[in-house]
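S.K.: In case you want the letters, here they are:
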Amino acid sequence: MVNLKVNIGDLCFKNPVLTASGTCGYGPELTDFFDVSRLGGIVVKGTTIEPREGNAYPRMAETPAGMLNAVGLQNKGIDYFEKHIYPEISLFDTHIIVNVNGSTIDDYVSLSERINRLDKIPAIELNISCPNVKRGGMIFGTNLDSARDVIRAVRAVYKKKLIVKLSPNVTNIVDFARVVEEEGADSVSLINTLLGMAVDVNKMKPVLSTVTGGLSGPAIKPVALRMVWQVAKAVKIPVIGMGGIMNATDAIEFFLAGASAVQIGTVTFIEPDAPVKILEGVEKYLSEKGVSDINEIIGYLIKQIK
Amino acid sequence: MTKRVDNLKVVSNKILTEDFCVLKLESDQKLPEFRPGQFVQVKADRSPGTFLRRPISVHDVDIENNTYSMLIQVLGKGTESLYKLKPGDYLNVLHPLGNAFSEPVMNGKIVLIGGGTGIAPLLFLGKYLKNKGFEIEYLLGFRNKSRVILVDEYSSVGKVHLTTEDGSIGEKGFVTHHSVLKSQKISMIYCCGPDPMMHAVADLCRKNSIICEVSLENLMACGFGICLCCIVDTTRGNVCTCTEGPVFNIKELKW
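Read top to bottom, the protein sequences are chains P and A.
Each residue of the first sequence is one higher than the one before, counting from 1 in the working numbering.
Each residue of the second sequence is one higher than the one before, counting from 307 in the working numbering.
Treat each hint with caution, since some may be false.
Stated by the list, open to error - For lysine to aspartate or glutamate, the following EDC-like pairs were computed, each having C-alpha atoms within a straight-line distance of at most 20 Å:
{"id": "1", "chain 1": "P", "residue 1": "277", "chain 2": "A", "residue 2": "312"}
{"id": "2", "chain 1": "A", "residue 1": "383", "chain 2": "P", "residue 2": "62"}
{"id": "3", "chain 1": "P", "residue 1": "205", "chain 2": "A", "residue 2": "324"}
As the list claims (entries may be wrong) - Label-pair ranges, simulated between beta-carbon atoms:
{"id": "4", "chain 1": "P", "residue 1": "295", "chain 2": "A", "residue 2": "525", "range": "39 to 47 Å"}
{"id": "5", "chain 1": "A", "residue 1": "396", "chain 2": "P", "residue 2": "305", "range": "23 to 31 Å"}
{"id": "6", "chain 1": "P", "residue 1": "249", "chain 2": "A", "residue 2": "493", "range": "56 to 64 Å"}
{"id": "7", "chain 1": "P", "residue 1": "212", "chain 2": "A", "residue 2": "413", "range": "51 to 59 Å"}
{"id": "8", "chain 1": "A", "residue 1": "413", "chain 2": "P", "residue 2": "88", "range": "37 to 45 Å"}
{"id": "9", "chain 1": "A", "residue 1": "493", "chain 2": "P", "residue 2": "212", "range": "43 to 51 Å"}
As the list claims (entries may be wrong) - A short, non-exhaustive set of chain P residues, derived as facing chain A with CB atoms under 7 Å:
{"id": "10", "residue": "53"}
{"id": "11", "residue": "71"}
{"id": "12", "residue": "110"}
{"id": "13", "residue": "269"}
{"id": "14", "residue": "270"}
I should point out that these hints are in silico values taken from the structure, not numbers from a laboratory.
The beta-carbon is built from N, C-alpha and C at its ideal position, and this holds for glycine as well.
Next up, chain P with everything else stripped away, as it sits in the complex (with noise of 0.2 Å):
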């Protein structure tokens, strides 16, 4: 039996496998596919107070191994998430994160506030680097003074878990990731989407309406990698890594990288049942390679590599 249990700070995983915001819905839409209590946790689409309709399609654009999404956060808001959806997805048996989003730190720390009552979700992942929304989002994660005024506002009403997702679409991402740390953050997860643009040569404009969005897969995996690794040299608190994982190797890259856990993402489009094969893929490579403990390789670059 290999040992798949990994924690942020006393908040235990089953195993270090979760689904990304914004590529897993709630967790429902996967069911037909996969079990989703097997995976360490889901972390639910990105949520706002109030309700939003999100960008103008196109919304999407297939680029070369990946794609650019702009959604904008399109979500029903959280009193639709606390009445509706809530109640389904507590009876996983799973750990259940929030992404929480705003425009303003008021809007934050009311959100995060409204979570905090919610007995059956352990965490929130505070998104600070949301490319796709002309308030709030990136200008967050990309500001030094803006990220650690919205995390210490967070900080101060949020008692549970806190993960803060960081935006790769700043020039050292070290610097997040420390001031992360210094405002008594659980958790720090990477990346967000690299900011992108695609154009259709025939109509003569952008793609996306919004003419920029997110790029995500495996296009971004040695950008994902590299800030992982540089991250997990740099803080103490566990690093939660995501950016274009597509199967169970690209999972382990991260792990050694220094990744306490992953998240996968766009593949789920792809391959509904990706993040659960990668799990079975993590744990079988576990076994062959002797390792008792998931821990063990955790990070272990980081000890080879001084």
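Mind docking chain A on chain P? Use the hints.
M.R.: Chain A only, in chain P's frame:
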């Protein structure tokens, strides 16, 4: 109906033109029950540069032989790799997806309007309605005579009226100009085709109080409601074409 991923075996690939073919597929398990209007997401494994699945309409279903078919138009490398499939090859599909056309509620003429590759779901729909005892007619629009496909197949289900943009066969012009739409009392129109065509048909139906359902072909990544990319603006706000559609009553659409 539970959605699932299957590896289907190509029974036949009927080449229609240099860019259209009909793939017939079978499964060693019992296929899911399809409803007319539904679609599948196809993985173009033989095109390594094609990252996402491709949404393809269910064109025809043969329950007895446990097969179904899809009409493929070559639009890029992904669909080109599908066009090149041979009997015995396998195709990875995610199915069944989306809602379905609804049954006509009023008596009267029923017209199924299609343009280009948008004619695909109308064969399955026509056969379904015919089996239910409805009499249907087709109005199919193509660019010119050389682009006309599958008329024999559609004729076996209902009378086929044609339009071509250059008048090389059928009536000249767009489908909305065809005399069949003026000559008789029509109670219901089902439509699938390019956006401008569906908009024109929707306008005509609104003017003449005809019930109309359209099947949208929005760009999508997942096909089952998690990416939120294929949205359409409706009276209920932005909804996913893949789960709330692809079929919409035009009353719901903010066109």
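S.K.: Run the structure past the numbered hints and jot down the numbers of the failing ones, going up.
M.R.: 3, 5 and 12
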